[in-house]
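Given only the sequences and the hints, what does the whole structure look like? Please build it.
Protein chains in written order, with our numbering: chain A, 32 to 322; chain B, 129 to 641; chain C, 11 to 417.
Please note that a few of the clues may not be correct.
[Unchecked claim] List of simulated lysine to aspartate or glutamate pairs, EDC-like, C-alpha gap at most 20 Å:
1) LYS633/B - ASP62/A
2) LYS365/C - GLU549/B
3) LYS176/A - ASP52/C
4) LYS199/C - GLU549/B
5) LYS86/C - ASP190/A
6) LYS199/C - ASP205/A
7) LYS199/C - GLU314/B
8) LYS87/A - GLU400/B
9) LYS197/C - GLU317/B
10) LYS199/C - ASP295/B
11) LYS197/C - GLU296/B
12) LYS176/A - GLU293/C
[Said to hold, decoys possible] Covered stretches of chain C (in silico footprint by chain A; criterion: 3 or more residues with CB under 8 Å from a CB of chain A, positions within the stretch not fixed):
13) 197-206
14) 219-231
15) 314-324
16) 329-339
17) 345-351
18) 357-370
19) 378-387
Derived by calculation from the structure, the hints in this document are not laboratory data.
Even for Gly, the Cβ is constructed at its ideal location relative to N, Cα and C.
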Amino acid sequence: MWGWLARLDRVPRQTIYLLMFVACGLPFFLDVRLPLYVWPETRAVFEVTDSTPPNKVVLICSNWVQGSQGENWPQYEALVSHLMLRGIKFVVIAVDSDPLAPQFSERINERQAAKYGREYGKDWVNLGMVRGAPLIMASIGRNIKSVFPRDYRGNSTNDASKLPILQGVTGAADFQILWAIEYQPSLDWMVWLDPAGRVPVAFGSAGIVTTSWYPYISSGQMKGMMAGIRGAAEYESLVREKYGSRYDQEGLRGGRLLVPLAFGHLVIIAFILLGNLGMVAKRRAGKGGSR
Amino acid sequence: MSWTEYWSTSWAVWLGAFCVLAIYSYLFRDNPLYRLMMQIFIGINVGYAVVVQWKDILYPLWWLPMTDGIEALLGRGQGSPYGALWVLVGCLGLLWYFQLSRRYLWLSRIVIGITVGIGAGFTFKSLFGQNIPQVVDSFRPLGPSAIAVQPRPLFPLPASSVPPLLDEPLLVLAAGRQALAVETLEGREVWRCPLPAEPSARLRSTPEGIVVPCGDKEVLINRDTGRGTVRARRPVPPTLRGQTGLESGWQPDGGRQDVLVKQGVVSPDGREILASYRMEPSGLAAMSVSDVDGRTLWPQAPPVAGSKLFDGSRYLLVAGDREAFCVDASLGTVVSRVPLPASPNWMAVARMADPVHDQATLLAAFPSGEILGFAAAEHRVSRQTAGALLWRTSLRKPVVWLGSSGGVLFAVGPEGGSALELPNVPKALGASDYWDNWVFVVTLVCVMSYFFFSFRSEPRAVTGVRRMGRWLLMLGFGAFFGNTVMSRMSFLLDRLMFLVDEWIKPFFQQLLG
Amino acid sequence: MAARRRFIAILTFLAGLYFLLEFVLPPTVPGRTSRGIYLSHDPTVVRLRTGAGDFVDVAVRPGVELSMMVRDPTGKLQAKVQRTREVSVGETLTARTRTFVFGGLRNGLVVDAEGAVAALRPGEQLYLDGSEETPADLAALPIGSKVRVEVRSARVAEVQWGSVTLLQNRERATIQLGPHVAVLREKRKGTPDEIEPYEARVGDTLAIGHTTFLRDQRDTAAQFNTVLGTLALGMGLLSLAMVNGRKLKRSGEDRWVALAFFAAVAVGVCAGVYKYYDPNTTERAFSDTIVFRLLGPVGSTIFSLLAFYLASAAYRAFRIRSAEAALMMATALIVMLGQTPFGMYLTGWLGEQLKALWLPNVAGWILRVPNSAVVRGLIFGTMLGGIGTALRYWLNLEKGSAMGGGD
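This is the structure in structure tokens:
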């Protein structure tokens, strides 16, 4: 038997790839439901965002493009759908990103706005992209309108009739929370945006870099985060928990991708275990042979 | 949908799907199709990036200011002539391209040097700013401490026999036969103004100036110059409006402490109204003063008892001889209930300067000079329960009034007062927190000693600590690997979702009708 | 050689020095800064000469705004509000002298909403709030609209700087304002805010002094850094072109691949140029197709290949050969399971009392406590390393090949 099991020590890579493909692809065709546990890091940022008073805005730095859309798209859409549902005003910017970043965020904004009947300029504004981090972050904290004289659509940010949302908004004091969503958001946001640290910072980042955010969360420099697809799915479930059926989850990616993700993880775990089993079997078989 | 329609909308999806599968073909084995796709991808990316960088960065940030500057030098246009200096930056930038020459390679080092220098300059500020809070957070309590965090005295304040007026940046006090204004940053005197008699009631501010009631007279003081004019005392209307500096609530009838008027209270229908609260034999009653009919605000009176009402921003504070209640001013619910040693002279709610640890602190001052701080409501971050005693301090002289702003507490009485810095609300720690802190600190020490120390002849203890450090690093790497899997898997799922939802499913729907 | 190296070292040092000084030095010149409690002030008066030759004196008070046309980050000319201290004789400014609510015309004179006559001095004109270009047409102006009184594109003829009276050690002191003299309001925490003198309230603690210019030039410094870095944009293209140019000379598959590269560059350039065309044009549609249908899928697919490599690497490398490897694998398995709903599925039955043993909670504890400490240890290591490396490069102690050490 050991001899047969020892073959597990050398599974060809094509087999591994094929199994991964099938295991991750299959759940898309099935309806599997699994219980979701919400981590405190996600809950903390949901609560701060949800309690935005009418005189403040949520500032979102959306720097992601196609490269990291697998994780950032679900996160961004979960956040924006919450803001649109609640009618919380938000300002989207991009700093030092790929020039396409505003196009990606705006596509999602428009789709969610159509769902909840929100209006550009009144409920949200997309200010486009600037360069010059980290210094420009300090300028955004001091006066966002001087950094972005025009929005992504070419309206003047001082134009009260087209962009009423920006009327009471100047700098850090008017931001309820900063959301930085990209593969690896810059830690400089914690230092430069508001040197006094009054604006809570939240990251929506690729799961791979979340490991290094925990020390910043425990020191209070960061309020919390959405960790990969899991974070997005948790955020969606928090919104649904609070607002029930008013929340339209059609087309949201977090919850949809979570089950295939779980299966993908299982495949990897299974291969790690099988590899070890194969190694042990090979050793046993080798010993048996030499005896 | 006819096939023509299908193809006219779906050709792009097929193009995308073709690209995805062409790349994935590499997983089977290396092939020319994959190599071709890679070159096409790199080529398009590079061509696209060059144009976009020129259009988005160099053209507006370099070319336009430069041409404007040259125009201005020639006496045309309206830019700044200093813009012409951007020509020099252009020349400097061209030095990058000497990287491609062997002979003049050193020229490119000029621009590399400048870029590296700027990078180093940035590093200092960023690293300090990011990491000082990290160092501070590493000193964690490893066991319960007897010394609680206390308010820190900042500077003394002059005496005031009546509740003073906090109208930042001034604090106006009145005692004996004079009124005195100090600034609130360091407590230095700004002006003083003589009074005709002893002050008799709380100071208030009106659009014309600051009013100090002195028996049957009152003095109107110019806020900016400190010059006063004496006039006969005017009755204060019960719905005194537009009061700056009186927080948002006040006792309309001077001495009566069982009545309070508050502005900015949110009514059940979401409007901001002026509300009046009164302690009656049947309980605490709240009425809307803004409405003509004087509607009651709460469906039922909260179960509280006491004789004095104080303002606590969004709360209403009810104090009795032995306990006090913190009541939500809009909803009438009791948020917390605290025991008191005696009947307080004054109560207020302070907020911290630091919103990360923001928590409403309930303050109570007593004739003995003692000041107590409680958690006004339950707080998630610090896990303090509503009404928990946070700290206790004493001025050792009577206190008639408390006020706060930006994390600083002003406590004033007839024999003088003091400004104190309020401590951040400490975390309520349980046994598991101390256990976590031990694990944290031990791990940090082991990992750091693994990195930083190497002795020629290592003592046993150090070897042990360093080995422990290596073990813990492995634990960290394991966690790191777990998260890496999640990330990489997500990118794959995104592609699979594209193939399934946008390509396969619509195609089969079309095929099978 | 040595001279060249020294020259580069000095340039490197100077480039970093600005950012270090900007971080370390206060915003006003130490020793030449007066500090005290604000009592009163005498406003700055700017005398403007309009194109028609009229002189208008503008006292800088609340509601007054001086602005200048400058390039914004997108390259458009835009009115930018100037601080009073930045005004200099000879430059062209637009001044908003006041705003009011239009109350109609009485005997040909403009009156405000209270019925008071709003007299316009020669050179001043009325503009409707929100509209930019032409002066408001008085006859067509609706009553109740907000209007601004402005002096447009006038040259600064003279500036009387005015002064601020402070209380210093219980004595009044008058501090003269001047060009580049900044007024800072101190705060309890954090760096002081720069304000206009009229924004101060009696009792504010002010610091008044000549600026060090460092902070004012922050935006220019950032722009310099960005431009200098971006000017290297052709480097990637050039080196790729050289590699592929060599391949063109070869025969067979390589040549075709190289040809495809050059064709793709041409397509990429077109896509880039057409990106700035109006939506709904064919060119823009072409650009969007290339970006979203070709670059997008290919880019994210290349990224996703790593998932497969990771699976096969995990299979091959994660073998329990030592206790340390076992620890690493156990942690990885817990974190992987804890991150997905399977964690709850496997351990949720333990119930609320054993909540701490739920896999997501165990994974969370590992990440929050020991892993957090490990990462912090790494952060401290990299911080010290980073400062050390930055200092070495900055002071040119580094002898790497890029810095000329290889000569």
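How the hints compare with the structure:
1. LYS633/B - ASP62/A: holds (15 Å)
2. LYS365/C - GLU549/B: Between LYS365/C and GLU549/B the Cα gap is close to 40 Å, so the pair fails against 20 Å, i.e. violated.
3. LYS176/A - ASP52/C: violated (30 Å)
4. LYS199/C - GLU549/B: holds (11 Å)
5. LYS86/C - ASP190/A: holds (16 Å)
6. LYS199/C - ASP205/A: Given pair LYS199/C, ASP205/A holds - Cα atoms ~18 Å apart, limit 20 Å.
7. LYS199/C - GLU314/B: Judged against 20 Å, a Cα distance of about 13 Å means the pair holds.
8. LYS87/A - GLU400/B: Measuring from Cα to Cα gives roughly 17 Å; hence the hint holds.
9. LYS197/C - GLU317/B: Cα-Cα ~18 Å, so holds.
10. LYS199/C - ASP295/B: Holds. LYS199/C to ASP295/B sits at ~19 Å (cutoff 20 Å).
11. LYS197/C - GLU296/B: Given pair LYS197/C, GLU296/B holds - Cα atoms ~12 Å apart, limit 20 Å.
12. LYS176/A - GLU293/C: Not satisfied, since the Cα-Cα distance of roughly 32 Å exceeds 20 Å.
13. 197-206: holds (count 3)
14. 219-231: holds (count 3)
15. 314-324: holds (count 7)
16. 329-339: Three-residue rule met by the stretch 329-339 of chain C, so holds; n is 3.
17. 345-351: Holds: 5 residues of the stretch 345-351 of chain C have a Cβ under 8 Å from chain A.
18. 357-370: This one holds; 3 residues, not fewer than the three required, reach chain A with a Cβ under 8 Å.
19. 378-387: holds (count 6)
Consistency with the previously given hints fails for numbers 2, 3, 12, ordered from lowest to highest.
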